[in-house]
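Number of protein chains: 2
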Amino acid sequence: MDEGTQQTEPKRRGRRSGGEDTKAALLAAARETFVERGYEGATVRSIAARAGVDAAMVNHWFGGKEGLFAKAVLQVPIDPITLVERLLAGPPEEIGERIVRNFLGVWDATGGGHFAALMRSVTSHDRVAEVLREFFVHHLLRRVLAGVDVTDRPELRATLAASQIFGMGVVRYVVRFEPLTSADVDTVVKAVAPTIQRYLTGDID
Amino acid sequence: MDEGTQQTEPKRRGRRSGGEDTKAALLAAARETFVERGYEGATVRSIAARAGVDAAMVNHWFGGKEGLFAKAVLQVPIDPITLVERLLAGPPEEIGERIVRNFLGVWDATGGGHFAALMRSVTSHDRVAEVLREFFVHHLLRRVLAGVDVTDRPELRATLAASQIFGMGVVRYVVRFEPLTSADVDTVVKAVAPTIQRYLTGDID
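Protein chains in written order, with this note's numbering: chain A, 16 to 220; chain B, 16 to 220.
With the rest of the complex left out, here is chain A (with noise of 0.2 Å):
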């Protein structure tokens, strides 16, 4: 296998060249495949055989589907599994606060750019929405609920939160109002950090 993969990649990994463009047409086929087959009927195989790429380079250069999907369709380069340790990651009092630090982080980091595409993919395609919600749900913000420990209405929790979420994206990179667009990471963690923490571990009644 590994030879196989040499050939495609040259032996410096890097920014450059043949491995470039070979993750390129591993990412396109990625996006066309999870569209059409949905989160769980993708599989990394078939992904792989599209781009013609060996099945093993996924788990090496993005950490397995879960993170070819994030890299892929959602356009953040962090493999969920890693971004749900980091978000579980201190007292779950200051979930909340953790959730907007990290999403404003991946998302500032391409001053919205990748956010943006995202909304433009899910406004006009449904299959993308489908794909998202599969996954940001389930995958990303059900099992942060799990870490911290709620079970009372965890999918109505986990999509309060989701809405908070994508109406800070939407309005910072997207529709771009100020002073929301360029007001600091703690201003906003000030202002939407309580409401996260409150939809997951909160009050909802």
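Among the clues, some could well be false.
[Claimed, not checked] With a cut-off of at most 20 Å between alpha-carbon atoms, the simulated EDC-like pairs for lysine to aspartate or glutamate come out as follows:
(1) A:K80 / A:E100
(2) B:K205 / B:E112
(3) B:K205 / A:D218
(4) A:K205 / B:D220
(5) A:K80 / A:D167
(6) A:K38 / A:E81
(7) B:K205 / B:D218
(8) A:K80 / A:E35
(9) A:K80 / A:E109
(10) A:K205 / B:E51
(11) B:K205 / A:E145
(12) A:K205 / B:E170
(13) A:K205 / B:D218
(14) B:K205 / A:E170
(15) B:K205 / A:D167
(16) B:K80 / B:E112
(17) A:K205 / A:E109
[To be verified] To spell it out: a stretch of chain A is covered by chain B in this simulated footprint if at least three of its residues, at any positions, have a beta carbon under 8 Å from a beta carbon of chain B; those stretches are:
(18) 39–50
(19) 179–192
(20) 199–212
[What the hints assert, rightly or not] Some chain A residues flagged as far from chain B (calculated, every beta-carbon gap over 10 Å):
(21) G53
(22) A70
(23) P92
(24) I93
(25) E112
(26) G120
(27) A161
(28) V165
Since the hints were made in silico from the structure, they are not lab data. These numbers come from a predicted model, not from an experiment. Idealized CB from N, CA, C, for every residue including glycine.
Mind docking chain B on chain A? Use the hints.
Relative to the frame of chain A, chain B by itself:
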């Protein structure tokens, strides 16, 4: 002037025939003009001229420029002056609840179709985002804040409220995360109204 408009509108006003075609032409002209010139730059006269309609009909049909904008761009069937009045009709400590109820009422009425269409325009045309910003923050939320005597950072509060209103729309109507998509209005109001209330009148630090 009135004789002129009689030619484009049949004597019996209604939802049929020439009147509807003329209205549709006016809405199309309004969308184009608002996108080209912005909310402030677009005049009722220029929109009416583009559609070949008497400017007086804009007031007659849509209650003026704001109502025309609401119908053509925001795709809500209510003019903003009336909406602001409705939002302000009651105790200030329940403004969050009235906002959530009114937006859900308007958007649920088309199964979220109009909200989804608005998001599609916003994500694909920068100018629509700009026009929406100008309008939503300045002509709608700022007026609401003035109505409840909030003078502490009204712009930031307005944009925070907008983030939760749009986020609720995105999750309920665009990505359609369950159970938020099918949740009854009271469930959503109980969960989301305190967020809007805090953003507008509460502690955001």
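Results for each hint:
no., hint, result
1, A:K80 / A:E100, "holds, 17 Å"
2, B:K205 / B:E112, "holds, 8 Å"
3, B:K205 / A:D218, "holds, 9 Å"
4, A:K205 / B:D220, "holds, 5 Å"
5, A:K80 / A:D167, "violated, 29 Å"
6, A:K38 / A:E81, "holds, 15 Å"
7, B:K205 / B:D218, "holds, 19 Å"
8, A:K80 / A:E35, "holds, 18 Å"
9, A:K80 / A:E109, "violated, 29 Å"
10, A:K205 / B:E51, "violated, 37 Å"
11, B:K205 / A:E145, "violated, 26 Å"
12, A:K205 / B:E170, "holds, 16 Å"
13, A:K205 / B:D218, "holds, 9 Å"
14, B:K205 / A:E170, "holds, 16 Å"
15, B:K205 / A:D167, "holds, 16 Å"
16, B:K80 / B:E112, "violated, 28 Å"
17, A:K205 / A:E109, "holds, 11 Å"
18, 39–50, "violated (count 0)"
19, 179–192, "holds (count 12)"
20, 199–212, "holds (count 6)"
21, G53, "holds, 14 Å"
22, A70, "holds, 29 Å"
23, P92, "holds, 21 Å"
24, I93, "holds, 20 Å"
25, E112, "holds, 13 Å"
26, G120, "holds, 17 Å"
27, A161, "holds, 18 Å"
28, V165, "holds, 14 Å"
Of the numbered hints stated above, those contradicted by the structure are hints 5, 9, 10, 11, 16 and 18, listed in ascending order.
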